[in-house]
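Asker: Here the structure of chain U is known, so what remains is to put chain R in place on it, guided by the hints.
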Amino acid sequence: MARIQDRKGLHSLISSVNESNRDYYSRFGNWVSPQIKVFWLEVNQNYNVKERLGLKPLDRNLFELVVEDDIFWVDTTNPRIWEIYTLSSTRNTEKKLIALSKGMKGVDKTWFTQNFMRRIQKEMNFSNRGFGIKYRDLLSNEKDTNNFSAKFWFGRRSLKSMEPILDNLKKSFSISSIRYGKNISCDERNLTGQLYEFYYNGHLTVTTCDDTEEMFNLIRMIRDLYLENLVYLEKENRRKPALIEVTFSEEIDREGFDVLTQVGKRDLNLWLQPYHSESDINRYSGVDMHTGDFINLDLGNDYSYISADKNSCMNVAPRFGTLSARYLSTSTNIYHDGVELFV
Amino acid sequence: MFTKTSREQGPFHEAGYSDYWCEGKSNEDLTPDIFGFSEDRFCICDLSMSEQKGEDVRKYKECTPTEYIWRSVMGHEKEPISAGYPFLVTDVVSGLVKRKGYNLIQIDTPVNVEIENLEDKKLEEVLNKWLGFESVEPSFQLLAVPESSPEELKKPLAGILKWAAAQGNDWISIVTLSERLLGHLYDSFSQKSRGSLNRNVEKMLSNLSKSYLSGYLLIDRNRKMFRIKLDFENYQSRKAFSDKINEWLGIKPIEAYFDDEDFENDE
Chain U
1 MARIQDRKGL
11 HSLISSVNES
21 NRDYYSRFGN
31 WVSPQIKVFW
41 LEVNQNYNVK
51 ERLGLKPLDR
61 NLFELVVEDD
71 IFWVDTTNPR
81 IWEIYTLSST
91 RNTEKKLIAL
101 SKGMKGVDKT
111 WFTQNFMRRI
121 QKEMNFSNRG
131 FGIKYRDLLS
141 NEKDTNNFSA
151 KFWFGRRSLK
161 SMEPILDNLK
171 KSFSISSIRY
181 GKNISCDERN
191 LTGQLYEFYY
201 NGHLTVTTCD
211 DTEEMFNLIR
221 MIRDLYLENL
231 VYLEKENRRK
241 PALIEVTFSE
251 EIDREGFDVL
261 TQVGKRDLNL
271 WLQPYHSESD
281 INRYSGVDMH
291 TGDFINLDLG
301 NDYSYISADK
311 NSCMNVAPRF
321 GTLSARYLST
331 STNIYHDGVE
341 LFV
Chain R
1 MFTKTSREQG
11 PFHEAGYSDY
21 WCEGKSNEDL
31 TPDIFGFSED
41 RFCICDLSMS
51 EQKGEDVRKY
61 KECTPTEYIW
71 RSVMGHEKEP
81 ISAGYPFLVT
91 DVVSGLVKRK
101 GYNLIQIDTP
111 VNVEIENLED
121 KKLEEVLNKW
131 LGFESVEPSF
141 QLLAVPESSP
151 EELKKPLAGI
161 LKWAAAQGND
171 WISIVTLSER
181 LLGHLYDSFS
191 QKSRGSLNRN
201 VEKMLSNLSK
211 SYLSGYLLID
221 RNRKMFRIKL
231 DFENYQSRKA
241 FSDKINEWLG
251 IKPIEAYFDD
261 EDFENDE
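Keeping their order, the protein sequence lines are chains U and R.
So the first sequence is residues 1 to 343, counted in the working numbering.
So the second sequence is residues 1 to 267, counted in the working numbering.
Since the hints were derived computationally from the structure, they do not count as laboratory data.
Watch out, some of these pointers could steer you wrong.
Here are a few chain U residues that face chain R, going by a calculated C-beta distance under 10 Å [unchecked claim]:
(1) Gln262
(2) Asp293
(3) Ile295
The model shown is predicted, which means the values in this text are computed figures rather than measured ones.
Virtual Cβ for every residue (Gly too), placed ideally from N, Cα, C.
Chain U on its own, in the form it takes in the complex:
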């Protein structure tokens, strides 16, 4: 078990994991675990989350959490968006760390829209290295829900013959993860460059990286851009009742949405009650279980309006937007006052 004492220790651990992964790949031609994973959690203050999670302080704004054999290093430099580093598998992290915080008031994942993930790619000047699709038809209340998941990884350029297939898939399904990087080169079996996989539900896997400083810049940029959108929405909502608009590129099964929200199911975390139904719109009121905030949601055939209390947490916007994209598997966009957010 890798144990570290302070920030310097964490940075040198991450550097050496990157180094040994590149070395392994150079010698044997495939990746080896462990790989570095970064998770971002959205944490509302005043809920004593540090205590409730049992975080052990290591250094300034750096904590350790050990769950069975898995270690998580929690960086709370930004008190609202925490960065969590681990060498555990994504599955274990979901099962242990995320499950531990699931249902805990004040804690939520971060939710990255497809356009947000693309924005990061553009800002970092990363090239495309693939994408993932994970679709589960939870908005139609059928016995056998449809689902489809796939990952497409390609090299510096996708094959010409693959392009129509990839384009078609991108049109039909929303993207749940993006693989991108830069300067990847494996000349004379010596691997250089950076390669990451960035997931819609708030985490990133570092496949390889030869520039740890730039990796930390990327992690910070993701945090700051996400936070910028959240803070903007919350500031607007305090000034005047803000309306969040989410548009879908295909029609929603509104009865399926009723099922999903009437008891507050799954990651959507909304426990709602329909109070008005017409042929083209249902209106709901209820609670965002993440913080206990009162919310209103109007659901049209291919759009939705969300309005919340003055001091509400606005993480509901990217959560609802990205999960709707997963369940519908088409593109969703989030707007405030006609301007697209989380892009």
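Answerer: Coordinates of chain R only, in the frame set by chain U:
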């Protein structure tokens, strides 16, 4: 009317009034429902769902926003000038007689706009050609009106009770429920009508505590408070509570085919 969505733009927003402030105090110690702001002007809107409000709106003719609103909240450097007479915005279609001293907007299609005095010619032009909302307007948290009958209040109240159940067994004032029903417009309804809504809500809660929500809902009549005892983080508890709510509303529960919460993680 002051907002823009990806599919539609409200007429005030189109004329540059994209900023607004609800229930702000004026220099004259009045409280119109909305002060709207463009780059250099302000306008006043008062909302009404009844036929009688016209007389009231006239009093805002000389009304001006305080410096706190235009400078500190809206961030204007120069004091904005008035766009003209205040607006009475109403969804009343018939039986309304336009009186002197304000502009009228009847928002239900076919829209009726009667401008009596407007200095802002751009706003006048936009309003005169406005045909009404093309898509369904957002609820903006207005779930009911004080005149809603107990039967009409049931469904909006049900969602609010779910919110109350998620407040960790805290005591909540009964007035809070009325505030949630009327949303941002709560203060713009008269004290009398709010009082009547409070009484209706209290009666409904009292009945619920003895019937469908017995065991969940506790009322402290003296303090006019209530609380809901529920382990809301537990899915089964939420389901049981939701079933009771549906029973009260006479809604047949929808059969969910994925009712095991631990069936599979979303990822």
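Asker: Hints first: check each against the structure and report whether it holds.
Answerer: Status of each hint after checking the structure:
| no. | hint | in the structure |
| --- | --- | --- |
| 1 | Gln262 | holds (5 Å) |
| 2 | Asp293 | holds (8 Å) |
| 3 | Ile295 | holds (8 Å) |
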